[in-house]
Each structure stands twice: as C-alpha cells, then as structure tokens.
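Just so you know, the protein sequences line up as chains A and B, in that order. For the first sequence, the numbering used here begins at 35 and goes up steadily by one. For the second sequence, the numbering used here begins at 6 and goes up steadily by one.
Fair warning: there could be bad hints in the mix.
What the hints assert, rightly or not - Which bits of chain B does chain A cover? Going by a derived footprint, with three or more residues having C-beta under 8 Å, they are:
| # | region |
| --- | --- |
| 1 | 18-27 |
| 2 | 73-79 |
| 3 | 83-91 |
| 4 | 123-131 |
No lab work stands behind these hints: they were computed from the structure. We treat Cβ as the ideally placed atom computed from N, Cα and C, and that holds for glycine.
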Amino acid sequence: MHRMLRLFLPLTIVAASLVTAMVAAPPDSGIHAPLADATELLQNTAVKAALLAVWMFTAVALTLLSGREIRYSSVEMRASALHCFALGLVAVTSFALTAVVFSYLIPFHIGIPLLFALGVFAILTKIYGIVAVFHAVGTLVAGSRTREQLAHRTWLRGDLAMVVVGVLILGALRMIPIAGPIIWGLASVFGIGTALATRFGRREPWFLAWRPRLS
Amino acid sequence: MTDPTIGSACERYFEDPEANAAHLQTCAECRGLNAALAVKTEVEPKPIDVNSLPLAAWEGSSHRPWGLILGGAAIVVAIALALLDATGTSPVHVAQSSLASMESFRALLNSATAWLRTTSIGWQIVFGAAFLVVNGLLIVLLRRAPRGIDA
C-alpha cells in the first residue's frame, strides 16, 4: 500500500502538471502533426514560426519597457524554481475554476465583465511570465559566469540579449512534435508562477499585513 | 539613577561635545573616553576584492547589443516568411490558428459550466469546496516574500 502510494503520488503530480500545462498553453493544431501529412506538418511549423516572431517582438518591447522587472523575475525563478512552479500550477488551476464560476454567473449579468477581467489578467500574466522565462533560459544557457567573461563579451551580455537567446532556444524546442507543446506549456506554468510570485517584478506584497497597534 | 562619579560638567559634555570641547582640558576621564572612541572610529574595514564576489544579475544588464537583437529577429521573421510562403499560408490563417486554441478553451469552459448547472447538489458542493481550497492555497503561496536578490 505504502509502495503504491509512493508510486502513485509522483505520477499524479506529473499528470496534473502536464494537464495544467496544457491549460496554461493550449496546443494548436500542431499536436496532431505526427498523424498528419507532410504539408500539414510544414504548415503547422510555419504557423509556429510566425507566432515565434510575434513573441520575439513582444519580448524585446517588454524588456525595453521594464527590463529591471523582467530581470528580477528571472532571478526569482532561478532562486526558487519549485515555488514558482507550484504557484504556477495552483494559479492556472485557480484561473480555470474561477473562469467556470464567472461563466456560471453570466445569466446574472455580472459574469461577463468578471470573465473579461480575468481573461485579460491571465493573458497579461502569461505574456509577462513567458518573457521572464525567456530571460531565465537565456541567462542559464548564455549568461556570463565571471566578471572577466562579461568584460570580454560584446554581444552576449545584457537583458535584451538574454531574452533573445531565450526566445530562440524555447522557440526551437517548441518546434519538436509532441514534446514541444508540453515544454512550452510547462514554461508557461513557470512564467505565470514567477509573475505572480514577484508581483510582475515589482517586489511588492500582494496583501497588506495586519499588525495590532502597540500601546 | 545617574552615575554619582560623573559630574554635571561631564554630562553637559556628553550632551553636546562640540559646544563643550573645553571640558576635555580639565577632565582626564572624559579625555580618556574621547581618545578611546577616536581610536575605535579610526579602524578601517578590510579591503574587499570585488572580483572575488559573485557576478550580480544587474552587472552589464543595461547593455543593448542591437546587432544580436535585430539579427535574431530578422532570422526568425525570415524563417517564418519563408515557411509561410512555401506552404501558401496567409497571415490571417496564423491569427485564426492562434484563436482556434482559445476557441477550444472556450468550448471546454462552456461544457464545464453546463455540467455545473445540471449536476447534483453534491457535486456542486464538491466544486465549491475545490474552488475555495485552490484559491486559499493560492493566497497562502502569494504571501511568501520573494527570495531573489540583487536584481
């Protein structure tokens, strides 16, 4: 019984993570690519490449606007990866359940604005989070380890360079059939968790702390 | 409660040392204390070797290698345009494809809502409890302060 539980629990966590990752980044028609013919496979790759170009422009623009926040989120992701992933899983589940509740409230007229606000918040969280993941992946792969290395580099240094490297690496991984959408989904979970853990890189608490007045 | 060995002149000196600097000429005890304090403030910290410290995340972060950025963007755009041209896919199809995944999510949401409306009161209570537990867990996780430093 104990052995079964030890086997069952990690499998459940992995399955739940994969399902949540699919909810965080719903796969497009590319998930059926292995069963489709070559033309459809190429067409799916073309769509993914075009979306990657959009991600590239979004990432560069967001990093130019708020590079410090993106960097902080990236540092947080590398400092406490497990917390960010757990928070991402819980947040995506919370978004999905809250969306069902808000959708339930549509006949009472309050559901539509709430659902719209939730959708906008979720999309913004995902966009910011994915850009933070790009930065983290770029820094892990191509970041400088020492000060001398940093001083000798002319191109591979700075937030923008790390983001561009991250986009290229994750974009290339996304092209892999079956595994690509899963990797992208897991990256989305990481990103959503990081965005929420750092409050979009602003390092401010989400809730006010209540302390009794000392007299 | 005051120290009986310290006179009022000493107290005045400690309250405002600069205004009562002449007191040091007459009081050996205060002169000794002043000298000891002066010796303590002259202790210099050990020199820090900056190169031995780990690289901070902000070091070199403001550098903008436009060659790499524009080159990377140009490569991605060129690959995307070449593939779109080779397969005869229009940019409208790309937008439709990205919206299709949203449509599937919307259909899933609608079916979940329809199930919630028609299911038994027991399942509705279970759903409500799951909603509260997940959001409670989210609040607990959000209360943890970020760990990352040196941003």
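How the hints compare with the structure:
1. 18-27: violated (count 0)
2. 73-79: Check passed, 4 qualifying residues.
3. 83-91: holds (count 5)
4. 123-131: violated (count 0)
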